[in-house]
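Number of protein chains: 2
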Amino acid sequence: MTGTFQRIVLASRPRGAATVGNFRLEELAMPPLAEGEVRVRNHFLSLDPYMRGRMNDAKSYAAPQALGETMIGGTVGEVIESRNAAFAVGDRVVGQLGWADHGVSDAGGLRKVGDELPLSAYLGVLGMPGVTAWYGLNRILEPKRGETLVVSAAAGAVGSVVGQLARIAGARVVGVAGGPEKCRYVTDELGFEACIDYKTAADAKALAAMIGAAAPNGVDAHFENVGGDVLNAVMTLLNPFARVAICGLISDYNLSPGENAKSAIRHPGLFLTARFKMQGFIVTDHLELWPEALRALGSELAAGRLRYRETITQGLTRAPAAFIGLLKGENLGKQLIRLTDGA
Amino acid sequence: MTGTFQRIVLASRPRGAATVGNFRLEELAMPPLAEGEVRVRNHFLSLDPYMRGRMNDAKSYAAPQALGETMIGGTVGEVIESRNAAFAVGDRVVGQLGWADHGVSDAGGLRKVGDELPLSAYLGVLGMPGVTAWYGLNRILEPKRGETLVVSAAAGAVGSVVGQLARIAGARVVGVAGGPEKCRYVTDELGFEACIDYKTAADAKALAAMIGAAAPNGVDAHFENVGGDVLNAVMTLLNPFARVAICGLISDYNLSPGENAKSAIRHPGLFLTARFKMQGFIVTDHLELWPEALRALGSELAAGRLRYRETITQGLTRAPAAFIGLLKGENLGKQLIRLTDGA
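In order, the protein sequence lines correspond to chains A and B. Under numbering that gives the first Met the number 0, the residues of the first sequence are numbered 0 to 342, in order. Under numbering that gives the first Met the number 0, the residues of the second sequence are numbered 0 to 342, in order.
I should point out that these hints are in silico values taken from the structure, not numbers from a laboratory. Hints may be right or wrong, so weigh each one.
Repeated chains share a single entry, so a pair holds when one copy, or any two copies, can fit it.
What the hints assert, rightly or not - Each computed SDA-like pair below joins lysine to any residue, with the alpha-carbon atoms no more than 20 Å apart: (1) 204 / 260; (2) 111 / 137; (3) 198 / 57; (4) 327 / 213; (5) 58 / 208; (6) 261 / 288; (7) 58 / 217; (8) 198 / 261; (9) 58 / 212; (10) 261 / 107; (11) 204 / 59; (12) 143 / 257.
Just chain A, with the same shape it has in the complex (with noise of 0.2 Å):
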């Protein structure tokens, strides 16, 4: 195949918050494809928060992401070409092919998925994102039936499925979102019990407040996605034998070199008082659980117990903008670029 294509690559490494001006588009020559290889049109690219971590040269989970390199992701596409007998022109793929209209890849790197669900939701509920929330809420949470649950960024990728998992666990879920849009969507079309809006809040201490209100049992388990004042507010309020899962900190994520983090846990005393626990954790690190998870959100999906919302961003020149919007909580359900024109 002859031809060009676009990528977006990292071209400098942000100190303290991310900007468009860290983002290079390039097009591009279509590479030749090798024996065992695949060409993929991407139709949607993924935006992720854990993009930003990477976009720093620091020791963490991962690699860096390379200077100059096309930026990773998640996409969803259609083969268009394939040196591999596993693979068909016009099979539906899931992979990593990153920020790029078009991706090789061998067969290691993409996996087929079937036609019965937009392949948007691939990347979301049935994705990444549903798989963390169904690890985050089934094995660190463990939340019991009557039991009260908070789970911040409510309204987004991750937060929507740990809640909505949560109630059908019989659980009482407490959203916290930003902005009266957000909270409407959590309570009206999620179902949650309550959801606090957190820019309404003064400081942590009023939060605190806001989000007692809403538990008056108090707090038995909480997924972190964000940090900051809500993960200082949430601590106040746990019940003994609590659990808080470190999904994202969000809120530290864009700190500028030698900057406290928003997160520094305030009043760690409270570790003993209510003798909970606190895990971070990682999906990509329990691959094996995958199959078991995307088998339990889809049949959830199918039943009609789990909603999702999207985002969608048109456009590869957009996702730089998109990106820095995703970090400042201005998408509601999974932020989405979509590659393909508009249909």
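Fit chain B to the known structure of chain A by using the hints.
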């Protein structure tokens, strides 16, 4: 029985550091025994850091120590009068008779112990501190052969048992303690691979460098008795999937109102990059496990694999000063008050 007994009551609540002025010695007439009760002459009183928390009028896992009442505390002694068929004069008993040279209890508050070991052992290695070490190690940290475990207050009643049990389990153990005498005890007598004298470190970063040099493969498990810089230093050294048991945060027990916690967790992002678990616990939540723990500790002791030391202060009147010394780390091993005449 006629005559008088001595006790120490909480006279006032501390603001910031506890002082001897917060306590008051009283001499009272021996109360009569009701049917079912037993009178005990206490031989030893246990002093433990948790008592500092009870002196505050704060929401916690246990009710605050009441003003004007006998300070709570574990005791061992001998039955000297009995109106309970299950106890005979001369029986050796462990109880919670508080800071007093005599006490009265019904049978539910006392546990008979044998003659094989000195009475004082039942307040240390075969008592609450020993079970605390066993629980945190076996139910939270679960060290595997070849892993590296760090324990703070390593020369203390709990820390010394933690490290020895961890070594029996095949872990490499690094202690943290204050001063060269304690560190020599930890390495030369208890056999830990290394001991870091935290008093020689300028700050958390320097402390992390010292512990890191003694833990070249990183830290897989940490048993925290102290908090402050130790906790923040060890957090930076944790390996993926590490476990941290929060047993005590003694560095924060004497905080003044409004003062920031020395154990505030400054780098919460480490929860994500190292995906570790941090869990607080209180051993009295798990009374059902005490028999198992005491059997395990007893058999290690009998096999000569568990050493312990005691710091014995003579006389009830010295208990307040000894307690304040304990909070400053002046003791080595288990801090006890001997309530009988020094033999």
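Unsatisfied constraints (hint numbers, rising): Of the numbered hints, 2, 3, 4, 6, 10 and 12 do not hold.
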